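Q: Protein sequences, first through last, are from chains W and Z.
Heads up: the first sequence runs through residues 1 to 377, numbered per my numbering.
Heads up: the second sequence runs through residues 1001 to 1435, numbered per my numbering.
Hints should not be assumed to be uniformly reliable.
What the hints assert, rightly or not - Restraint ranges, calculated between C-beta atoms of paired labels, are given here: (1) SER1008(Z) to ASP122(W): 53 to 59 Å; (2) PRO332(W) to ARG1042(Z): 46 to 52 Å; (3) SER1340(Z) to VAL118(W): 46 to 52 Å; (4) GLU72(W) to GLN1016(Z): 31 to 37 Å; (5) GLY215(W) to ASP1117(Z): 56 to 62 Å.
Stated by the list, open to error - Every beta carbon over 10 Å from chain Z, so not counted as near; a handful from chain W, in silico: (6) GLY19; (7) ASN23; (8) LYS27; (9) ASP91; (10) GLY227; (11) SER277; (12) HIS285; (13) HIS292.
As the list claims (entries may be wrong) - Result set (BS3-like, lysine-lysine): computed pairs, CA atoms no more than 25 Å apart in a straight line: (14) LYS1398(Z) to LYS1121(Z); (15) LYS27(W) to LYS103(W); (16) LYS164(W) to LYS367(W); (17) LYS1223(Z) to LYS112(W); (18) LYS367(W) to LYS249(W); (19) LYS1398(Z) to LYS1323(Z); (20) LYS1223(Z) to LYS302(W); (21) LYS54(W) to LYS33(W); (22) LYS92(W) to LYS164(W); (23) LYS103(W) to LYS1223(Z); (24) LYS1316(Z) to LYS1432(Z); (25) LYS310(W) to LYS112(W); (26) LYS302(W) to LYS1009(Z); (27) LYS1020(Z) to LYS302(W); (28) LYS1398(Z) to LYS1316(Z).
The hints are simulated quantities; they were obtained by calculation from the structure and are not laboratory data.
All of these numbers come straight from a predicted model, not from anything done at the bench.
Just so you know, even glycine gets a beta-carbon here, dropped at the ideal spot from N, CA and C.
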Amino acid sequence: MNPAPSEQEARRCAAPDCGKETNSNLKCPICLKNGLTMYFCNSGCYRRSFHIHKAIHPKEGVDMYDPFPNFEYTGPLRPAYPLSPPRGIPDKIQKPDYAQNGKPLSEIKNDKTNQIRVLNEDEIRQMRIVNQLGREVLDAAAAHIRPGITTDEIDRIVHEETLKRRAYPSPYNYYNYPKSVCTSVNEVICHGIPDKRPLEDGDIVNLDISIYKNGFHADLNETYYVGEKARTNPELVNLVETTRECLYKAIALVKPGLPFRQIGNVIEEHATKHGLSVVRTYCGHGINTLFHCQPDVLHYAKNKGVGTCKKGITFTIEPMINMGTYRDIMWPDNWTAATADGKPSAQFEHTLLVTEDGVEVLTARTKKSPGGPVPRI
Amino acid sequence: MTSTIDPSKVISWLRQPHNKAFWHTDLQVRHTQHGVGVFASRRIEPGTVLLSVPKTSILSAHNSCIANLLCDAQIYGMHALVIAFLYEKNVGAASPWSDYIESINFAGAMLPPCMWDAEAKSLLAGTEADLMGVLDSTELVAHYELARRFATQHAPMISAPAELADLSQFAAVVLAVASRAFEIDHFHLSGLVPGADLFNHHPDGHGSVHFEALAEVCPDCGKLDCGHGSDDSDDQFDESDDSEDSEDSQATHEVADAQEKDNDENSELCDIVSHTSLVPDTEIFNTYGPLSNAELLARYAFCVDDNPHDTVCLGKQVSAHRKRVNPAISRRLRWWSRQSEQPWLLECYVDANGTPSPQLCCVAKLFTAPGKTLSRSRLSRLTPSARRLIQHWCAQRKLPDVPITIQDATTAAHIRCIRDNENRILDKCIAKLNY
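Chain Z on its own, in the form it takes in the complex:
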């Protein structure tokens, strides 16, 4: 991640014996143009474990010193992880993760796009980021209020983290935590794995390593083999259920036993494993999953040119067009709405190659096909008029050329990247349909 400043602190955390972690000796952390990245110092074979951290050593809500307080307050998931992180940060050297926490730079930290000023936000109006709600701060503010209520409630016994006095400081921490977090398992949910977050995201999503942790553990205790029944939703132990329970727990044990044979060694670890061979002096990237620029911006505060997972939605243009058509076509559209299981307007998009989605093609055909009836089998074949209609929508959707005069260079670059890439996709589509 770009805001890690002192990787040597993370490495020293990994080397402290009581953290019981493993860091492959052929790895080097170097400074790159984007901050720091991990490089192989010699060839590494596929299937090699590069980093291993026991689940008991990760920074998760359940491992934190306020685990029971979060449980009592019924705060879980990412909400709990951020609050746990703040409290661990607040106790400084007394935290088992202090070296790791100190390695993260909050001074010039990025803010999530929902915290940008009105001018910056207005420059993303109408983009995919806007449509996806990336600019909406409602959720962040709710999280902030939740954290503040928790802090107030516990203030008499534990001093509140300073970040809870200021929304933008809190937002920076949320972004720092969310961008580093991994999905651990059914017990820990999200967690921070020191070292694993040093591996950067590959621009095309083609990383050479991936994160591995066995997810199917008991949600009550994190173990594979335990007595917590899967159907045991109520907290009270009921003695009258005795015979039933023992049967159940026996069944659970058998399943767990079978799993344990396979996963005995790995169930308690979080690993970074290579899945291709790693070439010396080349940066090692992780696979974060197929994320579009809007998703990257929301979760990691960055975006990339020519992101293969980008799409541009034309739902708004389709919807506007629908209001102006004659009753016969209106009827077709109503029929189409009834037929569709998914929100079909969202499915009307152009993909990164400029190819219109099947749903978009069908809808364009519905608008343009002559006659009273329409054969379903012919729906996806584009006629010239349907092609022209999609081109028209693309032209409507295109973002106008506006001067970007934001002071913050990074934010300006992100905005330019989002706008240019969307327009490029739309241009590709228009060109593609010009045959």
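Bound-form chain W, shown alone:
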């Protein structure tokens, strides 16, 4: 359990869509019973945000529970609630505009279709720094992956490693997302919420790290094998390694003059060759002072993605590849995207900078990075 925000710091409304400073003494009674002091401005804030807030409430008599028992899950994976309470961000950390109430107004107002921002030298330097730190955070978290660790513990590590670098975990309260990292296990395509489920030998798990520092965002993710059972499962290895190759084949294309719509062709071709399918609902994106902005980078073939690579543009490629159908469904938490047939899905992501004559992978692996390719079996 984490301590409540320290007394020196201002009391803030615990409603994620409010987050304002408050003098109110209204506390969530259920949290209070569990030794947690959560203040709300008024009953309006409490009621409005209760459907999000209640995720941290334990259920009597059980250690963990499925919050959506009536939902028809497509695979064996289940969410394991309660979620851990919000970890809080110290005041000294520079926060993005959505940190308080979840609304990224700068994105909503300033991201204009067809305008793809070109960064100057100074902005590129900032992007290099924050993306290298993002890589460090991912590596630190990935080093702890083993059967038995819960995704919530991984979230704690990501949160702490991010703050240690004086950065803000970008997912934290972005559109009221509750955690600091996305952990997508097995049939989860993306945006899985870290919870109490321990990783099992034979799982695959994707850690999607985004951090914010000095006004710029970093974004990267990798899929890791959990235990020997996963590493020796030929189908899983084919899925994960093909996905990894898809990303690198796509990156190899990037240079000034490349239309963004061509990126999907090479990804789908490679995935299809290995009997896999490409997710169409989610895509790569521009990233700079905005977490998500133009361009949309679609991963499937024959797409109508708009725009062309130009020196100084920063964006992500993050193919999501499925073992079965490309179709996805959304869990009732409104975040977790899972495959429609419950078969596993893998993803890899880098943040890229278009250079004079090619591409720089801002989130490149280092020699010490955990994970990495394994030979197909």
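Following the hints, put chain Z in place on chain W, whose structure we already have.
A: Chain Z in isolation, oriented as in the chain W frame:
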């Protein structure tokens, strides 16, 4: 359009699932004397959607692969659409619109009248086309230079389209694009809608289908419901404006919500819809709007006999006459100039039926009325002398019979059509005033 050669390619584009378009099964594309046209194979009721293409599938500057480059170069509207078209054409099969682009024939393509040779142009001297600047290539050349500068600037990363090496090739593409383009909405501005351009223009402007696309979308993103504020002219997000902005965006949202209820399904589509019932085996025409022959010639490189939207302007003749009148009448004309809000000389015309415009009647009266004062209420009633003056101007305006010895048969036909129709209108007017 007459230069579409392979309609089957357009139809196959419309049928490809990823383009998400709809083409009514009771439509047939047939070859006609003017190229191809769309026919109904059975009776179709009014209000039927014949063709539907999502706005995300149309070929517009904003949907093209060079959208961000055009934005950075601050090129918009028709200028941007033509350049986007050239670059999409240049990448061949890699373009999502390659089937559509290939269906357009550029080999024997028509040239816009401003690109005709001096002889052809001289045969239109003094016509409405000449007065409207249709023969002036300044704008086209400026567009060409703009496109060339864009290409040079981006040549290191994207190879330049071949059409940019030759003005007349470029002009043919401009005409092909401009003649097919539709006004889409505040975001896309002009765009090409595969299939929608197969419907020909009705000679009298009485089409049986029309083009529909919801225009009132956000100019920044093309959506109905978004966070782009209408007053948000500066690019920078200003945090200090927070409270004001959120109020604003809320207001925008409410308006958008209300609109969305009505337009939810249609806001993202471009449709061709029938507005009368369509008879089997009859060509289906679109309504392009009330365009005169000079406008048709400029935009579509064709013109029609007895165009009901034609007018013949007598401003030049009025202006010349004004220089020869006595001081008293001169004073009246000066007063008239001051009274008029619009450029009144342009309003002195004869319409397609040979009827002189009200402005023309008034001016003729001003020239001919005796006495020192003139009652305003009597201005529009034509006296015999005013009638004779208009007839005189008509006679002056008439184009002389000249032999047309242009080699290109189409161009010669257009020239003959323009000249004959203007003279016919003037003759009608002269006859009308002979009572």
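Q: It remains to establish, for every hint, whether it holds in the given structure.
A: Do the hints match the structure? See the list:
no.: 1; hint: SER1008(Z) to ASP122(W): 53 to 59 Å; in the structure: 54 Å, holds
no.: 2; hint: PRO332(W) to ARG1042(Z): 46 to 52 Å; in the structure: 48 Å, holds
no.: 3; hint: SER1340(Z) to VAL118(W): 46 to 52 Å; in the structure: 51 Å, holds
no.: 4; hint: GLU72(W) to GLN1016(Z): 31 to 37 Å; in the structure: 33 Å, holds
no.: 5; hint: GLY215(W) to ASP1117(Z): 56 to 62 Å; in the structure: 60 Å, holds
no.: 6; hint: GLY19; in the structure: 13 Å, holds
no.: 7; hint: ASN23; in the structure: 20 Å, holds
no.: 8; hint: LYS27; in the structure: 28 Å, holds
no.: 9; hint: ASP91; in the structure: 17 Å, holds
no.: 10; hint: GLY227; in the structure: 40 Å, holds
no.: 11; hint: SER277; in the structure: 15 Å, holds
no.: 12; hint: HIS285; in the structure: 14 Å, holds
no.: 13; hint: HIS292; in the structure: 13 Å, holds
no.: 14; hint: LYS1398(Z) to LYS1121(Z); in the structure: 17 Å, holds
no.: 15; hint: LYS27(W) to LYS103(W); in the structure: 24 Å, holds
no.: 16; hint: LYS164(W) to LYS367(W); in the structure: 22 Å, holds
no.: 17; hint: LYS1223(Z) to LYS112(W); in the structure: 11 Å, holds
no.: 18; hint: LYS367(W) to LYS249(W); in the structure: 20 Å, holds
no.: 19; hint: LYS1398(Z) to LYS1323(Z); in the structure: 20 Å, holds
no.: 20; hint: LYS1223(Z) to LYS302(W); in the structure: 23 Å, holds
no.: 21; hint: LYS54(W) to LYS33(W); in the structure: 13 Å, holds
no.: 22; hint: LYS92(W) to LYS164(W); in the structure: 12 Å, holds
no.: 23; hint: LYS103(W) to LYS1223(Z); in the structure: 19 Å, holds
no.: 24; hint: LYS1316(Z) to LYS1432(Z); in the structure: 21 Å, holds
no.: 25; hint: LYS310(W) to LYS112(W); in the structure: 17 Å, holds
no.: 26; hint: LYS302(W) to LYS1009(Z); in the structure: 17 Å, holds
no.: 27; hint: LYS1020(Z) to LYS302(W); in the structure: 13 Å, holds
no.: 28; hint: LYS1398(Z) to LYS1316(Z); in the structure: 12 Å, holds
Comparing the model with each earlier hint shows no violations; every hint is respected.
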